Amino acid sequence: MAPFAGWEMPLWYRSATEEHLAVRQKAGLFDVSHMALFEVQDQEKLEWLTPSLLSEKKVGSVTYTFLMGEEGGVLDDLLIYKWDNNRFWIVANAANREKVFVHLSRFMDVKRIDKAILALQGPESANYLQIPPKMTFVTLPDGTVVSGTGYTGEKGVEVFVSPEKAEDLFKMWVEKGIVPCGLAARDTLRLEKGYALWGHELSETIAPEESVAAWVLKKRHTPYLGQGALPPSRHAVAFQLAEGIAREGALLLSGEKEVGVVTSGTFSPSLKRGIGLGLVMQNPDHVMIRGKKIPLELVTLPFV
Amino acid sequence: MKFTETHEWVDETQQPAPIGITTYAQQELGEVVYVELPQVGKKVEQGQEMAVLESTKAASDLYSPCSGTIVEVNQRLKEEPSLINSDPQGAGWILKIQLSDPKQLEKLLDKAAYEAVIKGK
Numbered sequence: 001m002a003p004f005a006g007w008e009m010p011l012w013y014r015s016a017t018e019e020h021l022a023v024r025q026k027a028g029l030f031d032v033s034h035m036a037l038f039e040v041q042d043q044e045k046l047e048w049l050t051p052s053l054l055s056e057k058k059v060g061s062v063t064y065t066f067l068m069g070e071e072g073g074v075l076d077d078l079l080i081y082k083w084d085n086n087r088f089w090i091v092a093n094a095a096n097r098e099k100v101f102v103h104l105s106r107f108m109d110v111k112r113i114d115k116a117i118l119a120l121q122g123p124e125s126a127n128y129l130q131i132p133p134k135m136t137f138v139t140l141p142d143g144t145v146v147s148g149t150g151y152t153g154e155k156g157v158e159v160f161v162s163p164e165k166a167e168d169l170f171k172m173w174v175e176k177g178i179v180p181c182g183l184a185a186r187d188t189l190r191l192e193k194g195y196a197l198w199g200h201e202l203s204e205t206i207a208p209e210e211s212v213a214a215w216v217l218k219k220r221h222t223p224y225l226g227q228g229a230l231p232p233s234r235h236a237v238a239f240q241l242a243e244g245i246a247r248e249g250a251l252l253l254s255g256e257k258e259v260g261v262v263t264s265g266t267f268s269p270s271l272k273r274g275i276g277l278g279l280v281m282q283n284p285d286h287v288m289i290r291g292k293k294i295p296l297e298l299v300t301l302p303f304v
Numbered sequence: 001m002k003f004t005e006t007h008e009w010v011d012e013t014q015q016p017a018p019i020g021i022t023t024y025a026q027q028e029l030g031e032v033v034y035v036e037l038p039q040v041g042k043k044v045e046q047g048q049e050m051a052v053l054e055s056t057k058a059a060s061d062l063y064s065p066c067s068g069t070i071v072e073v074n075q076r077l078k079e080e081p082s083l084i085n086s087d088p089q090g091a092g093w094i095l096k097i098q099l100s101d102p103k104q105l106e107k108l109l110d111k112a113a114y115e116a117v118i119k120g121k
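Just so you know, the protein sequences line up as chains A and B, in that order.
Residue numbering for the first sequence is 1 to 304, as defined by this note's numbering.
Residue numbering for the second sequence is 1 to 121, as defined by this note's numbering.
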């Protein structure tokens with residue numbers, strides 16, 4: 001168990017590698033109840049705080065986007081659930097719970113919602129419940145909200161249930177053979193797909209244009225908070241290694257010149273080699289690992 | 001078998017002597033996913049870094065319990081690094097050293113002394 005934003009979270013239940021591969025090949029289950037959930041009403045104001053045109057999204061859609069600050073950085077990355085033109089759910093990172101609440105509250109009324117969130121992910125997820133189309137959500141007759149979303153790149157859902165129902169649901173799924181998965185597998189799964197993690201690929205000091213999630217920014221005719229306030233000077237890269245593992249903070253080099261840093265790095269259980277994301281001024285060819293210059297290969301995302 | 005305060009073991013009853021990390025060390029390190037092994041033939045001093053163990057959490061150095069020459073590395077770890085977790089003081093040995101100064105062994109911890117070190121944590 002590890003402390004994580006005020007929660008005690010398992011890094012793994014039995015083996016991070018087995019959990020990772022279970023999600024890629026079968027199905028795995030994550031308790032992600034630590035994520036923060038808020039409800040707001042004001043579409044126009046919410047749209048001002050994100051680069052996404054929420055007014056053009058369909059009711060029943062889920063949008064991955066950024067919560068922008070005045071300075072042009074990303075305060076958090078969010079999933080926004082559109083219930084109606086004047087009702088939205090916002091899922092934020094646990095570590096940013098209070099910051100997001102305070103920032104939203106400056107512009108609109110914000111209600112905290114108390115739900116447990118379970119993520120069922122993997123190609124066999126559909127054996128256990130009906131999966132809504134990607135980036136949409138439905139409400140079941142018992143009030144459970146089922147969302148076609150996830151952080152693993154696999155088929156799957158995230159379900160929102162009342163906290164008192166969550167334990168039974170978790171146990172029932174595990175008894176059916178779904179592998180319970182911890183934070184370590186969650187991180188290697190998202191990294192193999194090149195998904196950003198706030199505090200690593202996104203932050204208040206990284207321009208959204210520089211980030212691996214720059215695809216979120218689309219042309220829009222209306223301005224949004226902090227737009228262009230942080231001029232981009234770097235870009236994101238993805239790399240893999242023939243030997244070793246580059247961890248976060250490792251220096252990226254072009255020849256002898258330092259050109260950036262690794263923002264996330266791990267050992268890919270699927271590829272069985274070191275993979276990573278970096279933020280650089282120009283493309284690197286080597287990474288420094290414990291004082292040794294290791295050649296790297298730039299690749300296009302996803303890794304897997 | 002002798003132990004170090006940095007959680008290595010060396011089996012001095014064999015020549016060359018196999019070296020690995022302790023059961024306690026592998027629990028602390030977590031699942032080992034990659035091992036950077038040294039070149040066979042390399043000479044090492046007592047306390048020198050010899051190999052790097054990468055777990056899902058972090059990287060950790062293997063320090064040499066005694067001086068000598070590395071004469072063999074455990075090739076199975078390339079495919080199955082998790083042997084270090086499943087059998088740390090057996091099949092999960094990391095390398096073998098031909099000791100150059102067997103007297104150094106006297107200063108290492110015996111089983112009881114090593115267990116006292118762990119209990120103090």
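Do not rely on the hints blindly, as some may be mistaken.
Here's a subset of chain A near chain B, in silico, CB distances under 7 Å, partners left out [what the hints assert, rightly or not]:
{"id": "1", "residue": "Q43"}
{"id": "2", "residue": "A184"}
{"id": "3", "residue": "G199"}
{"id": "4", "residue": "I245"}
{"id": "5", "residue": "F303"}
Subject to a maximum C-alpha distance of 25 Å in a straight line, what follows is the list of computed DSS-like cross-link-like pairs (lysine-lysine) [what the hints assert, rightly or not]:
{"id": "6", "chain 1": "A", "residue 1": "K293", "chain 2": "B", "residue 2": "K78"}
{"id": "7", "chain 1": "B", "residue 1": "K103", "chain 2": "B", "residue 2": "K43"}
{"id": "8", "chain 1": "B", "residue 1": "K57", "chain 2": "A", "residue 2": "K193"}
{"id": "9", "chain 1": "B", "residue 1": "K103", "chain 2": "A", "residue 2": "K292"}
{"id": "10", "chain 1": "B", "residue 1": "K78", "chain 2": "A", "residue 2": "K272"}
For each label pair, taking beta carbons as the anchor points, the in silico distance ranges come out as [unchecked claim]:
{"id": "11", "chain 1": "B", "residue 1": "T69", "chain 2": "A", "residue 2": "T300", "range": "42 to 52 Å"}
{"id": "12", "chain 1": "A", "residue 1": "V102", "chain 2": "B", "residue 2": "K57", "range": "29 to 39 Å"}
{"id": "13", "chain 1": "A", "residue 1": "F107", "chain 2": "B", "residue 2": "R76", "range": "21 to 31 Å"}
{"id": "14", "chain 1": "B", "residue 1": "V117", "chain 2": "A", "residue 2": "E248", "range": "50 to 60 Å"}
{"id": "15", "chain 1": "B", "residue 1": "E28", "chain 2": "A", "residue 2": "K292", "range": "20 to 30 Å"}
{"id": "16", "chain 1": "A", "residue 1": "G60", "chain 2": "B", "residue 2": "D61", "range": "45 to 55 Å"}
{"id": "17", "chain 1": "B", "residue 1": "G90", "chain 2": "A", "residue 2": "E175", "range": "28 to 38 Å"}
{"id": "18", "chain 1": "A", "residue 1": "M1", "chain 2": "B", "residue 2": "V117", "range": "20 to 30 Å"}
{"id": "19", "chain 1": "B", "residue 1": "T69", "chain 2": "A", "residue 2": "E243", "range": "43 to 53 Å"}
{"id": "20", "chain 1": "A", "residue 1": "K292", "chain 2": "B", "residue 2": "V40", "range": "54 to 64 Å"}
By construction, these hints were calculated from the structure, which means they are not laboratory data.
These numbers come from a predicted model, not from an experiment.
Yeah, the Cβ is synthetic: ideal placement off N, Cα and C, and Gly gets one too.
Worksheet item: Quick one, is the G199 of chain A hint okay against chain B at 7 Å, beta carbons?
Response: 17 Å, violated
Item to complete: Take the C-beta atom of G60 of chain A and the C-beta atom of D61 of chain B, compute their distance, and say whether it sits inside 45 to 55 Å.
Response: Holds - the Cβ-Cβ distance for G60 of chain A and D61 of chain B, about 53 Å, lies within 45 to 55 Å.
Worksheet item: Lying within 43 to 53 Å: is that true of the beta-carbon distance T69 of chain B to E243 of chain A?
Response: The hinted range 43 to 53 Å is violated for T69 of chain B and E243 of chain A, with Cβ atoms some 23 Å apart.
Worksheet item: Should the hint that F303 of chain A touches chain B count as held when the rule is a Cβ pair under 7 Å?
Response: Interface hint status for F303 of chain A: violated (15 Å vs cutoff 7 Å).
Worksheet item: Was the hint right that I245 of chain A lines chain B, CB cutoff 7 Å?
Response: 5 Å, holds
Item to complete: Confirm or reject the claim that K292 of chain A and V40 of chain B have a C-beta distance inside 54 to 64 Å.
Response: 19 Å, violated
Fill in: Verdict for F107 of chain A, R76 of chain B (Cβ pair) under range 21 to 31 Å
59 Å, violated
Worksheet item: Measuring from beta carbon to beta carbon, are E28 of chain B and K292 of chain A in 20 to 30 Å?
Response: For K292 of chain A against E28 of chain B, whose Cβ atoms are near 25 Å apart, the range 20 to 30 Å holds.
Worksheet item: How does the Cβ-Cβ distance of V117 of chain B and E248 of chain A compare with 50 to 60 Å: does it lie in that range?
Response: Distance hint for V117 of chain B, E248 of chain A is violated at roughly 31 Å.
Discussion item. What's the verdict on K293 of chain A and K78 of chain B, does the C-alpha distance respect the 25 Å limit or exceed it?
Written reply: 21 Å, holds
Worksheet item: Can Q43 of chain A be said to touch chain B, with a Cβ gap under 7 Å?
Response: 42 Å, violated
Practice prompt. Take the C-beta atom of M1 of chain A and the C-beta atom of V117 of chain B, compute their distance, and say whether it sits inside 20 to 30 Å.
Written response: 24 Å, holds
In summary, the numbered hints that this structure violates are 1, 3, 5, 9, 13, 14, 19, 20.
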